[in-house]
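Protein chains in written order, with the numbering used here: chain A, 83 to 225; chain B, 83 to 225; chain C, 369 to 447; chain D, 369 to 447.
If you're looking for bench data, these hints aren't it; they were derived computationally from the structure. Please note: incorrect hints may appear among the correct ones.
[What the hints assert, rightly or not] Derived coverage of chain A by chain B (criterion: at least 3 residues anywhere in the stretch with Cβ under 8 angstroms from a Cβ of chain B; other residues may be distant):
| # | region |
| --- | --- |
| 1 | 85–99 |
| 2 | 114–120 |
| 3 | 128–140 |
| 4 | 165–179 |
[Claimed, not checked] A few chain A residues facing chain B, derived, Cβ under 8 angstroms:
| # | residue |
| --- | --- |
| 5 | 107 |
| 6 | 108 |
| 7 | 111 |
| 8 | 212 |
Predicted model, so just to flag it, every value in this text is computed and none were measured. Ideal Cβ placement from N, Cα and C applies to all residues, glycine included.
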Amino acid sequence: MFRLQETRIDAVTLARELAQSGAGAGVTFEGWVRDHNDGRRVLRLDYQAYAPLAQSEGENILAEARARFAILEARCVHRVGTLQIGDLAVWVGVSAAHRDAAFAACRHVIDEVKRRVPIWKNEHYADGESGWLHPDGSAVKAN
Amino acid sequence: MFRLQETRIDAVTLARELAQSGAGAGVTFEGWVRDHNDGRRVLRLDYQAYAPLAQSEGENILAEARARFAILEARCVHRVGTLQIGDLAVWVGVSAAHRDAAFAACRHVIDEVKRRVPIWKNEHYADGESGWLHPDGSAVKAN
Amino acid sequence: MSYCVLYFASLRDRAGTDAEQVDSTAVDARGLYAELRARHGFGMTEDRLRVAINGAFAPWQQPLRDGDEVVFIPPVSGG
Amino acid sequence: MSYCVLYFASLRDRAGTDAEQVDSTAVDARGLYAELRARHGFGMTEDRLRVAINGAFAPWQQPLRDGDEVVFIPPVSGG
Numbered sequence: 083m084f085r086l087q088e089t090r091i092d093a094v095t096l097a098r099e100l101a102q103s104g105a106g107a108g109v110t111f112e113g114w115v116r117d118h119n120d121g122r123r124v125l126r127l128d129y130q131a132y133a134p135l136a137q138s139e140g141e142n143i144l145a146e147a148r149a150r151f152a153i154l155e156a157r158c159v160h161r162v163g164t165l166q167i168g169d170l171a172v173w174v175g176v177s178a179a180h181r182d183a184a185f186a187a188c189r190h191v192i193d194e195v196k197r198r199v200p201i202w203k204n205e206h207y208a209d210g211e212s213g214w215l216h217p218d219g220s221a222v223k224a225n
Numbered sequence: 083m084f085r086l087q088e089t090r091i092d093a094v095t096l097a098r099e100l101a102q103s104g105a106g107a108g109v110t111f112e113g114w115v116r117d118h119n120d121g122r123r124v125l126r127l128d129y130q131a132y133a134p135l136a137q138s139e140g141e142n143i144l145a146e147a148r149a150r151f152a153i154l155e156a157r158c159v160h161r162v163g164t165l166q167i168g169d170l171a172v173w174v175g176v177s178a179a180h181r182d183a184a185f186a187a188c189r190h191v192i193d194e195v196k197r198r199v200p201i202w203k204n205e206h207y208a209d210g211e212s213g214w215l216h217p218d219g220s221a222v223k224a225n
Numbered sequence: 369m370s371y372c373v374l375y376f377a378s379l380r381d382r383a384g385t386d387a388e389q390v391d392s393t394a395v396d397a398r399g400l401y402a403e404l405r406a407r408h409g410f411g412m413t414e415d416r417l418r419v420a421i422n423g424a425f426a427p428w429q430q431p432l433r434d435g436d437e438v439v440f441i442p443p444v445s446g447g
Numbered sequence: 369m370s371y372c373v374l375y376f377a378s379l380r381d382r383a384g385t386d387a388e389q390v391d392s393t394a395v396d397a398r399g400l401y402a403e404l405r406a407r408h409g410f411g412m413t414e415d416r417l418r419v420a421i422n423g424a425f426a427p428w429q430q431p432l433r434d435g436d437e438v439v440f441i442p443p444v445s446g447g
């Protein structure tokens with residue numbers, strides 16, 4: 083299950099859905115809005131997504147994780163819209179019989195989501211500037 | 083914070099305590115009681131601990147994790163007593179600015195807890211047998 | 369031919385719109401981007417972008433058909 | 369001398385108690401375990417155990433003092 087949503091991510095409910103009687107290990111990753119990035123003070127941020135492609139690419143990543151690792155469940159929810167410091171931006175949860183697979187799959191999912199899913203982050207800084215982050219090294223305020 | 087407890091582990095409250103404004107990543111590990119182990123059907127299990135040494139060894143592990151990885155918080159709670167299938171037996175939570183450190187530290191803590199902390203698991207099987215697990219290969223029902 | 373182009377992130381800011389209908393003689397995304405880059409002054413070169421056609425990643429040289437939805441995907445930064 | 373020995377897991381089951389006061393001439397944990405192994409019929413050899421004295425891991429040859437709390441730690445299986 084991959085989902086984009088504009089409302090608060092309910093990690094408690096999501097985590098509960100991972101549990102199964104055959105599962106011995108659950109690993110979750112939560113990505114929160116940090117108050118700083120690259121030495122600059124961040125006030126809030128906006129996420130934009132190309133929703134249909136983000137959805138299908140997110141589902142692809144979860145399917146790959148299930149094919150590649152001995153896991154039972156893999157889920158990911160990503161916020162879009164405006165977020166404040168401390169808000170949960172992305173949640174990944176994986177359950178498995180054993181912890182090796184759960185850790186590896188959880189890490190794989192968040193890495194691939196950050197690498198491939200068409201979602202963009204616009205950070206608003208304390209100095210009044212803002213800019214879309216294009217993590218291959220393009221400058222903030224790239225055009 | 084390392085803690086042994088006989089009552090249900092409240093993962094929700096524990097996870098909430100990890101959050102900080104400088105934290106961008108939170109990784110949790112949950113170890114649940116599985117309904118099977120080594121091909122045998124498990125009904126329930128008991129955990130016994132040598133509490134004072136478990137406590138100090140658990141604290142040592144968390145201190146090592148903080149020294150070795152760029153993390154903000156690392157916490158672990160382990161149940162003792164009788165647990166049912168699906169019960170949360172151990173919870174590890176780590177927060178950090180970045181996910182590399184959070185994943186590595188969380189993995190390190192659960193691995194070391196399983197390796198070093200004097201806690202023992204007695205599995206009760208569907209066939210009526212039971213036995214302490216001594217994971218270096220000693221037989222179930224070892225004396 | 370007429371294409372529906374969607375813009376995201378810095379391309380959206382630069383274009384000043386999230387979508388536009390583009391009448392163009394370009395036959396693939398490469399030609400279309402060159403045209404739009406000149407029109408809007410996008411700084412990003414083609415090698416930094418990926419292309420999606422009708423909601424799926426596609427090669428730059430895939431022939432476009434009338435009515436296609438075309439999206440130029442800047443480096444992503446989710447998570 | 370008198371030691372307080374605590375038992376856990378399979379050693380507790382075998383000894384039939386979680387703790388006992390042991391009067392012994394053993395001067396270290398190695399000697400004490402040999403004595404208790406003979407008494408209770410523990411199957412586990414010394415190389416599979418660790419020793420804790422007064423709540424801290426300790427070497428087998430550390431001299432024991434009267435009143436010490438001694439624990440033989442079977443391979444752990446928490447988590």
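Verification of the supplied hints:
1. 85–99: It holds, with 3 qualifying residues against the three required.
2. 114–120: This one holds; 5 residues, not fewer than the three required, reach chain B with a Cβ under 8 angstroms.
3. 128–140: violated (count 0)
4. 165–179: holds (count 3)
5. 107: holds, 6 angstroms
6. 108: Since the shortest Cβ distance to chain B is 4 angstroms, the answer is holds.
7. 111: holds, 5 angstroms
8. 212: Given a least distance of 18 angstroms, the restraint on residue 212(A) is violated.
The structure fails hints 3, 8 (numbered hints given earlier, in ascending order).
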